[in-house]
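Engineer: Here the sequence shown stands for residues 1 to 238, numbered as in my numbering.
FYI, nobody ran anything at the bench for these hints, they're computed from the structure. If you're wondering where the values come from, they're calculated on a predicted model, not measured in any experiment. Just so you know, not all the hints are guaranteed correct.
Unchecked claim - Below, in silico cross-link-like pairs of lysine-lysine (DSS-like), each with a Cα-Cα straight-line distance of 30 Å or less:
{"id": "1", "residue 1": "111", "residue 2": "150"}
{"id": "2", "residue 1": "137", "residue 2": "150"}
{"id": "3", "residue 1": "113", "residue 2": "130"}
{"id": "4", "residue 1": "130", "residue 2": "150"}
{"id": "5", "residue 1": "113", "residue 2": "137"}
{"id": "6", "residue 1": "130", "residue 2": "50"}
{"id": "7", "residue 1": "137", "residue 2": "111"}
Said to hold, decoys possible - Distance windows between CB atoms, simulated:
{"id": "8", "residue 1": "106", "residue 2": "55", "range": "15 to 21 Å"}
{"id": "9", "residue 1": "122", "residue 2": "50", "range": "17 to 23 Å"}
{"id": "10", "residue 1": "114", "residue 2": "212", "range": "25 to 31 Å"}
{"id": "11", "residue 1": "155", "residue 2": "179", "range": "30 to 36 Å"}
{"id": "12", "residue 1": "122", "residue 2": "179", "range": "36 to 42 Å"}
{"id": "13", "residue 1": "179", "residue 2": "46", "range": "28 to 34 Å"}
{"id": "14", "residue 1": "16", "residue 2": "51", "range": "29 to 35 Å"}
{"id": "15", "residue 1": "80", "residue 2": "103", "range": "30 to 36 Å"}
{"id": "16", "residue 1": "68", "residue 2": "106", "range": "17 to 23 Å"}
{"id": "17", "residue 1": "91", "residue 2": "50", "range": "26 to 32 Å"}
The C-beta atom is built at its ideal place from N, Cα and C for all residues, glycine as well.
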Amino acid sequence: MDNSIVQVSSSKFRVPHVLQQDSFDCGIACVCMVLRGLGFVEVDLRELNKQVAVSSIWTIDLAFLFRYYVPDLDFTYYTSYAGVRTQYRDNEFYRSTFDEDERRVNRLFPKAKNNNVNVVQMVLPLEDFKRFLFNSKFAIIALVNSRLLKCQLCQTKQLCCFSLCNSFDYILDKLRGCNYAGHFIVLIGFDPNTDCLIYRDPGITERYCMVSMNDFELARRSYGTDEDCIVIRMQSQE
């Protein structure tokens, strides 16, 4: 990989890096990154966590959080399933809070339209990720399986690619047979020279990462993600 391409690509993005505080607030950290990129420079994780008021964060929570802070923000939440799949009850990652999450999240989806939260039930094609991210006018928060997310920069630098969402507790879960660890990242660009997506990972200290389209597809299509993503316009149309 050409490191000069990486340096040029990363310098133009307005979404700053924010490190999550715990293993459960990666989604909140992603919202914080985007809000700061939109000019809300004083917003912090403590404030956002207080506003959400739950520790088990689902993508719909992030969508409502955006609408609360920016009433006129142009964004769309894409998902393959508008609600909570009952099959996840047996998934180790969701099991401890599943019943409470199911009731709360399934109440939020019917409220989305009346709260101007645009939810589209479809899997966003990979080509649309490239199209949205190439011109740097959009950011995309994506839910991925962090155990399948392979940053090419981290591998080149021989850094540990495990985020806070792959903490010791989650590794123990893996030993019990759980191979899914849900994790939110912020996609900020696309490099056509390497066919890689550039993203901020709130779970590691590296300021940006790069993942191949194939590896990203495996991570975002993993069982447990519902292919969730939120596409946010960062700049007004010219």
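Engineer: Go ahead and decide if the range 25 to 31 Å is satisfied by the Cβ distance of residue 114 to residue 212.
Structural biologist: At roughly 40 Å between Cβ atoms, residue 212 and residue 114 fall outside 25 to 31 Å, so the hint is violated.
Engineer: Between residue 122 and residue 50, does the C-beta distance stay in 17 to 23 Å?
Structural biologist: At 33 Å between Cβs, range violated.
Engineer: Range hint 15 to 21 Å: satisfied by the CB atoms of residue 106 and residue 55?
Structural biologist: Roughly 18 Å apart at Cβ, these two residues keep to the hinted range, so it holds.
Engineer: Take a quick look at whether residue 113 and residue 130 sit within 30 Å of each other, Cα to Cα.
Structural biologist: Judged against 30 Å, a Cα distance of about 27 Å means the pair holds.
Engineer: Starting from residue 137, check that the Cα of residue 150 is at most 30 Å away, please.
Structural biologist: 25 Å, holds
Engineer: Can you tell me whether the CB distance of residue 80 to residue 103 sits inside 30 to 36 Å?
Structural biologist: 21 Å, violated
Engineer: Is 30 to 36 Å respected by the C-beta to C-beta distance linking residue 155 and residue 179?
Structural biologist: At 20 Å between Cβs, range violated.
Engineer: Starting from the hint 26 to 32 Å, judge whether the C-beta atoms of residue 91 and residue 50 obey it.
Structural biologist: 28 Å, holds
Engineer: Given the hint of 29 to 35 Å, is the C-beta distance from residue 16 to residue 51 inside that range or not?
Structural biologist: Violated - the Cβ-Cβ distance for residue 16 and residue 51, about 20 Å, lies outside 29 to 35 Å.
Engineer: So if I understand the rule, the pair passes when the alpha-carbon distance is 30 Å or less; does residue 137 with residue 111 pass?
Structural biologist: 28 Å, holds
Engineer: Next pair to validate is residue 130 with residue 50; report whether the Cα-Cα distance is within 30 Å.
Structural biologist: Given pair residue 130, residue 50 is violated - Cα atoms ~34 Å apart, limit 30 Å.
Engineer: Given the hint of 36 to 42 Å, is the C-beta distance from residue 122 to residue 179 inside that range or not?
Structural biologist: Roughly 26 Å apart at Cβ, these two residues miss the hinted range, so it is violated.
In summary, the structure is inconsistent with hints 1, 6, 9, 10, 11, 12, 14 and 15 from the numbered list given earlier, while agreeing with the others.
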